[in-house]
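A.B. asks: For chain A, the structure is supplied; the task is to place chain B on it using the hints.
Protein chains in written order, with this note's numbering: chain A, 1 to 269; chain B, 1001 to 1242.
Since the hints were made in silico from the structure, they are not lab data. Among the clues, some could well be false.
Think about it this way: if two alpha-carbon atoms lie no more than 25 Å apart in a straight line, the pair counts; the simulated DSS-like pairs of lysine-lysine are [unchecked claim]: (1) K162(A) - K1017(B); (2) K78(A) - K110(A); (3) K33(A) - K174(A); (4) K218(A) - K236(A); (5) K218(A) - K78(A); (6) K1017(B) - K126(A); (7) K1017(B) - K1085(B); (8) K189(A) - K1224(B); (9) K78(A) - K33(A).
Computed from a prediction, not measured in an experiment: that's the story for all the values here.
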Amino acid sequence: MAKIIVVTSGKGGVGKTTTSAAIAAGLAAGGEKTVVIDFDVGLRNLDLIMGCERRVVYDLVNVINGEANLNQALIKDKRLENLFILPASQTRDKDALTHEGVEQVLNELKESFEYIICDSPAGIEKGAQLALYFADEAIIVTNPEVSSVRDSDRIIGILHSKSRRAEQQLDPVKEQLLLTRYDPLRVEKGEMLSVEDVEEILSIPLLGVIPESLAVLKASNQGIPVSFDEQSDAGKAYLDAVQRFKGNDVPHRFLEAQKPGLLKRMFGG
Amino acid sequence: MTTSNPVCAEPLALQFKAGLVPILSLELYHSNLDFLERQLAEKTRQSPEMFNNSPVILSLNTLPDTDCTIDIQGLLALCERYGIKPIAARSDNTQLVSKLSDAGITLMAPAIQKAAPTKAPSAPPKSNKNNTVLPSSSRIVNTPIRSGQQVIAPEGDLIVTAQVSAGAELLAHGNIHIYGPLRGRALAGINGNIQARIFCQSFEAELVAIAGNYCNDSDPKHWKKAVNISLFEDQLTIDPLG
Chain A
1 MAKIIVVTSG
11 KGGVGKTTTS
21 AAIAAGLAAG
31 GEKTVVIDFD
41 VGLRNLDLIM
51 GCERRVVYDL
61 VNVINGEANL
71 NQALIKDKRL
81 ENLFILPASQ
91 TRDKDALTHE
101 GVEQVLNELK
111 ESFEYIICDS
121 PAGIEKGAQL
131 ALYFADEAII
141 VTNPEVSSVR
151 DSDRIIGILH
161 SKSRRAEQQL
171 DPVKEQLLLT
181 RYDPLRVEKG
191 EMLSVEDVEE
201 ILSIPLLGVI
211 PESLAVLKAS
221 NQGIPVSFDE
231 QSDAGKAYLD
241 AVQRFKGNDV
251 PHRFLEAQKP
261 GLLKRMFGG
Chain B
1001 MTTSNPVCAE
1011 PLALQFKAGL
1021 VPILSLELYH
1031 SNLDFLERQL
1041 AEKTRQSPEM
1051 FNNSPVILSL
1061 NTLPDTDCTI
1071 DIQGLLALCE
1081 RYGIKPIAAR
1091 SDNTQLVSKL
1101 SDAGITLMAP
1111 AIQKAAPTKA
1121 PSAPPKSNKN
1131 NTVLPSSSRI
1141 VNTPIRSGQQ
1151 VIAPEGDLIV
1161 TAQVSAGAEL
1171 LAHGNIHIYG
1181 PLRGRALAGI
1191 NGNIQARIFC
1201 QSFEAELVAI
1211 AGNYCNDSDP
1221 KHWKKAVNIS
1231 LFEDQLTIDP
1241 LG
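So here's chain A without its partners, still in its complex pose:
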């Protein structure tokens, strides 16, 4: 049974698209047929992060309007045969999305994919509400910072009240927290909220903690999902999160600040 997963946050710039790309790539690398949909109509970014911006011909809005069929709009990733991208339209706005259109696209995708990842736009308006409406599971991307935490709380409230599962009184959407841009050193200094602080405020299960890492910016600029960079902290943390998402018990890493070793302390970094 295909699962629809929304990656959402309320606040912008916290790492929704990076997370959508990394989680989708991680699931596909594990052999699951996965599609990732960009719901950010008008501010199309996912294609850049996935490195397929020059291959976009048709997009989600074309499919909804019946100007193209799904197979024409889906872009097959060049690195993983199980990974597909459905890009957003850059020349339209969120009003181009319709409830029925999105439902039809998702139903069609459900027939051939195991995971459908919906990369939500920021905000709580129509675009974000449509991205989360049909979700079975939600990954709430949050930075360890008060405004991001409050916006995540707001979006969890919307999942509880305005999603399909809430309206039809089915089992609630399964929400999990992904804390990104985490810097244990700054947490120790008291400059950043700790994992425990955020968990206490949001009280939803923790899917993973992604450390602040230079690898993320580098991967974005190169158009490579960061989970392909298995050498980087962020890449490893995303792959751990993918394992947990599939139900495997993996211990959390990168929660403590790395103490410089003896040699490093004696001779400098």
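C.D. replies: Just chain B now, with coordinates in the frame of chain A:
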């Protein structure tokens, strides 16, 4: 942008929303129109923008008991002259009620109000502080109340068995009980019930209010403690629970 209703295909055309709209009440303590006009003129002079066709509720229950002779037509004309639009009135006096309905003014159910200054000595409702009687239509919520959500118990108590996040708002006619951290706002006794109270397991509130008397300073003495909040002589009192 039009909002579409996700359940039906047709776009949403109308909706009833519960809400609290702040509105001025004009309490009268005297029936002499000249006397009223003098003070009203002074008030409009002080803050003219406040009386720019602003809707008010006329409260005639504050008139002295013997004073049911007030000229309703004259009063309405006076209001009009000073840019006040009475949209409804409150009165328990049958004579005044019939005059008001003749004048086309909507009558509101009598509010449970704080004793008016002129009547203060005769009605101190403090004696039954430990024995509050409230309507039984309570509302129980078992899920966390998240930022931006508003939960109202318009007729009774509100009981929440989970957390109330910062940016969430609870409103109740009666008491509010929270068996989790209160990080948002809690407003009890919204219809003026000064006997309402707020109870919570961990006090981290942004704002608490009882019958319109609010307090938003966070005394570290009570922070994250279980507390009982009540109203005593127009002051919110926070006491430790248990």
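A.B. asks: Does each hint hold? Answer for all of them.
C.D. replies: Verification of the hints:
no. : hint                : result
1   : K162(A) - K1017(B)  : holds (16 Å)
2   : K78(A) - K110(A)    : holds (22 Å)
3   : K33(A) - K174(A)    : holds (21 Å)
4   : K218(A) - K236(A)   : holds (15 Å)
5   : K218(A) - K78(A)    : holds (19 Å)
6   : K1017(B) - K126(A)  : holds (20 Å)
7   : K1017(B) - K1085(B) : holds (24 Å)
8   : K189(A) - K1224(B)  : holds (23 Å)
9   : K78(A) - K33(A)     : holds (14 Å)
Every hint from the earlier list agrees with this structure, and none is contradicted.
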